[in-house]
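Undergrad: Just need the whole structure built from these sequences, with the hints factored in.
Next come the chains, spelled out residue by residue.
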Amino acid sequence: MQKPGKTPKPTATPLENPMIASDRVPANVSGEPLNEDQIWQLLQEVKDPEVPAVSVVELGVVRKLSWQDQQLVVDVTPTYSGCPATDLIEELIAEALMQGGIRNPKIKRVLTPAWTTDWITPEGREKLRKFGIAPPQGSASKMSLLGHDEQITCPHCGSKHTEQVSEFGSTACKALYRCTDCLEPFDYFKCI
Amino acid sequence: MTKALTQQQALQEYLLRLADSNLIISQRLCELCGKAPAVEEEMALMNVALDLVGQARNWYEYAADLDEAKRDADTLAFRRDAHDYRNLLLTEQPNGDYAETMARQFYFDVWHYFTLLSLIDAPDERIAGIAAKALKEVTYHLRRSSAWVKRLGDGTEESHQRMEVAVESLWRFTGELITPDQVELDLAAKGLAPNPEQLAADWKGMVKEVLTEATLSLQDDDAWMHLGSKKGIHTEHLGLILAEMQFLQRAYPDAKTW
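Going down the list, the sequences are from chains A and B.
The first sequence: position 150 = 1177 (the working numbering), numbered continuously.
The second sequence: position 138 = 139 (the working numbering), numbered continuously.
Source of the hints: derived by calculation from the structure; they are not laboratory data.
For glycine and all other residues, C-beta sits at the position ideal for the given N, C-alpha and C.
Please note: incorrect hints may appear among the correct ones.
Have a look at the derived ranges for each label pair, beta carbon to beta carbon [said to hold, decoys possible]:
| id | chain 1 | residue 1 | chain 2 | residue 2 | range |
| --- | --- | --- | --- | --- | --- |
| 1 | A | Pro-1140 | B | Arg-80 | 30 to 38 Å |
| 2 | B | Arg-152 | A | Gln-1164 | 18 to 26 Å |
| 3 | B | Arg-173 | A | Pro-1149 | 51 to 59 Å |
| 4 | B | Asp-255 | A | Gln-1164 | 55 to 63 Å |
| 5 | B | Leu-228 | A | Pro-1149 | 33 to 41 Å |
| 6 | B | Gln-183 | A | Lys-1157 | 55 to 63 Å |
| 7 | B | Ala-256 | A | Pro-1149 | 52 to 60 Å |
| 8 | B | Leu-186 | A | Glu-1190 | 40 to 48 Å |
| 9 | A | Gln-1164 | B | Thr-7 | 44 to 52 Å |
| 10 | A | Ser-1093 | B | Glu-69 | 31 to 39 Å |
| 11 | A | Thr-1148 | B | Leu-228 | 46 to 54 Å |
| 12 | B | Thr-213 | A | Leu-1210 | 32 to 40 Å |
| 13 | B | Tyr-253 | A | Ser-1197 | 30 to 38 Å |
TA: Below you can see the structure in the form of structure tokens.
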């Protein structure tokens, strides 16, 4: 309950880095169609809603751009079968493309080949680390069934003295770790 | 004697078995939301459940594309009755204590892992694609559930005792994991379902290995087993699960109005 006579200070300030991709993409008013490089650049503005530090391009979920007649087709591969962000990511991509002046883009969900953390770009990995998420280490193809991931580096202090707290973290794609040197907990982006 | 199924009907039947098993065990795990013994376990269980419901959706969507009555994936999941469900009896068993939850998950994960491992080579691109995606996730599930069987089995006196009870009481539902019916035999001959002998050998081998390491008693391979889910004959639990899970869709069709 608000006390009478006191007006709350406005707290809503414009975000420096708005979540909605279409707010970051300038409207294409020139009417000039975008070329492929420009479209990739535009998609760079679409962030993963659950890990907003990285774009859908850096995460490797946008696989291919192609044209069918006059329609742009974007192949998108979900990270996990049950990823609840899949539908949202597809909508955000379509929205950003339309903002960029591309009419009626088609988002095609592609399951094969299955997404792998090997597709996260080097820039994406660095951004994850800066965001406080340890990027996947090693190659997914070498993951053993009952073995364990190699020693994970703490994204905060760089120490290799870390231990797993849980196989799953805040989302299916992450595991929960703790650094035994700086004692900070952190998420590890699992290698799959 | 029932009429022989066409290949399309047989394939749809098998896809529904995979989808239903995933959905029902996922629904069981979700019952633990807000009640798991530790916050890390809760996150893990919900993430496993999420993976499984995503995989179920992929299988339902394929089954819907093969459906002669043109039902969509949601209709298949939420408008069928218990006798139409084809989930493994194991998946509908109650959560019980944490030993039972993890023992059920372990028996299921071993079956799931080897089933998917076989399906990634299926001569049907869509099946192979869904399986390849799911296999990555299920590898993690199996790592986790087998670690829990070992930790509780080779743990304190009480955790050992509870895990011993869990692996034994759920054993009678494991027979149908590795007992194929005619539908599965026919599909296996075409590479669209796992080779039954291989699946049985792999399943038994890994279960023995983990139970041994967990210092638990090995179970009797010749024990009497409940079979029935492949004909729609379920334990008393499924009806109650569906009553809860399908309530919204049945009371407010497709929840289209709020």
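Undergrad: Compare the structure with each hint and give your call.
TA: Now the hints, each set against the structure:
1. A:Pro-1140 to B:Arg-80: 30 to 38 Å: holds (34 Å)
2. B:Arg-152 to A:Gln-1164: 18 to 26 Å: Given a distance of about 25 Å, which is inside 18 to 26 Å, the answer is holds.
3. B:Arg-173 to A:Pro-1149: 51 to 59 Å: holds (52 Å)
4. B:Asp-255 to A:Gln-1164: 55 to 63 Å: violated (44 Å)
5. B:Leu-228 to A:Pro-1149: 33 to 41 Å: violated (53 Å)
6. B:Gln-183 to A:Lys-1157: 55 to 63 Å: Distance hint for B:Gln-183, A:Lys-1157 holds at roughly 57 Å.
7. B:Ala-256 to A:Pro-1149: 52 to 60 Å: violated (44 Å)
8. B:Leu-186 to A:Glu-1190: 40 to 48 Å: Holds, since B:Leu-186 and A:Glu-1190 (Cβ atoms, about 47 Å apart) stay within the stated range.
9. A:Gln-1164 to B:Thr-7: 44 to 52 Å: holds (49 Å)
10. A:Ser-1093 to B:Glu-69: 31 to 39 Å: Holds, at about 34 Å.
11. A:Thr-1148 to B:Leu-228: 46 to 54 Å: With Cβ atoms ~50 Å apart, the hint holds.
12. B:Thr-213 to A:Leu-1210: 32 to 40 Å: Hint holds: Cβ distance 37 Å, inside 32 to 40 Å.
13. B:Tyr-253 to A:Ser-1197: 30 to 38 Å: Given about 31 Å between the Cβ atoms, the range holds.
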